[in-house]
Each structure stands twice: as C-alpha cells, then as structure tokens.
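Going by the working numbering, the letters in the sequence shown line up with residues 166 to 279, in that order.
Honestly, I wouldn't trust all of these hints.
Restraint-style ranges between C-beta atoms, simulated for each label pair [said to hold, decoys possible]:
1. Pro186 - Ile253: 30 to 36 Å
2. Ser247 - His185: 33 to 39 Å
3. Arg233 - Pro186: 20 to 26 Å
4. Glu232 - His185: 19 to 25 Å
5. Glu267 - Val244: 14 to 20 Å
6. Thr187 - Lys255: 33 to 39 Å
7. Lys184 - Thr222: 15 to 21 Å
8. Glu250 - Thr187: 37 to 43 Å
9. Asn266 - Pro186: 34 to 40 Å
10. Gly269 - Thr187: 36 to 42 Å
11. His185 - Leu274: 16 to 22 Å
12. Pro186 - Ser247: 22 to 28 Å
Worth flagging that the hints you see were computed from the coordinates, not collected in a lab.
This one's a predicted model, so the numbers in the text were calculated from it and none came from an experiment.
Cβ atoms here follow ideal geometry from the backbone N, Cα and C, with glycine treated the same way.
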Amino acid sequence: RHRPDKIQSGILHLYRSSKHPTNPKQEHCFAWIVNANGQYKTKKGSCTVYDGSSTHTHLKETMSYLERFGFSEEKAKFVPFSSKEKWIFKYPHAYPYVECNENGEVRGLPYWNP
Numbered sequence: 166r167h168r169p170d171k172i173q174s175g176i177l178h179l180y181r182s183s184k185h186p187t188n189p190k191q192e193h194c195f196a197w198i199v200n201a202n203g204q205y206k207t208k209k210g211s212c213t214v215y216d217g218s219s220t221h222t223h224l225k226e227t228m229s230y231l232e233r234f235g236f237s238e239e240k241a242k243f244v245p246f247s248s249k250e251k252w253i254f255k256y257p258h259a260y261p262y263v264e265c266n267e268n269g270e271v272r273g274l275p276y277w278n279p
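Taking the hints into account, I'd like the entire structure generated from these sequences.
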C-alpha cells in the first residue's frame with residue numbers, strides 16, 4: 166500500500182515479447198528504485214508514471230532508460246519493497262540488474278535469457 170509519508174523504494178518489473186519468428190518468449194527485467202515517492206499509481210496491474218508535484222523523478226528516469234531496450238510503460242508494474250537485499254533473498258531469480266540510486270542515477274543493463 167502506498168504511504169506518501171514514507172519513502173517508497175521497490176522493484177520496477179517490466180516485460181517485453183521477443184520477436185523470434187519460431188520461438189517467441191517473454192523477457193522480464195527487474196530494476197531497483199530508491200525513493201519512488203509520488204511518482205506512480207497502479208492501474209489494472211500496470212505502472213503509470215507521472216511527476217505530480219514531486220521533485221523526484223527516479224521512476225520516470227528508470228522508465229526512460231529501459232525504453233531504450235524495448236521495454237514499455239504499458240508492460241510495467243511497480244512493487245514497493247522494504248529493501249533490495251530482502252527482495253534478492255526472497256526472489257533470487259528476479260535479480261534487479263538495473264538500479265536507480267538516491268541521486269536519480271540509473272545504472273546497469275537489463276538481463277534476459279535469449
């Protein structure tokens with residue numbers, strides 16, 4: 166549940182469909198975002214990015230970064246989570262290879278199986 170009084174960090178989960186002619190697959194990407202406060206709303210399981218009155222743009226910057234790799238906002242969902250370490254421990258196969266730090270800098274490359 167989103168609580169505006171708390172810093173919301175978490176995972177941005179995106180997927181895309183590969184364009185392989187005989188064996189198309191869904192490719193998933195997980196990105197850890199520090200402080201996504203006031204930047205997301207959930208709508209039918211997707212993530213809609215907006216700034217509102219917030220000065221933070223972490224979620225928006227991460228979406229823009231990942232769009233270069235073929236991932237889109239329509240196939241994205243933000244999952245608030247308490248810490249990156251706890252996420253990795255609970256979901257080791259959903260490792261966040263991309264991270265947006267507290268300064269809004271996005272680093273890393275999405276990992277997917279070809």
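Which earlier hints turn out false for this structure, listed by number in ascending order? 7, 12
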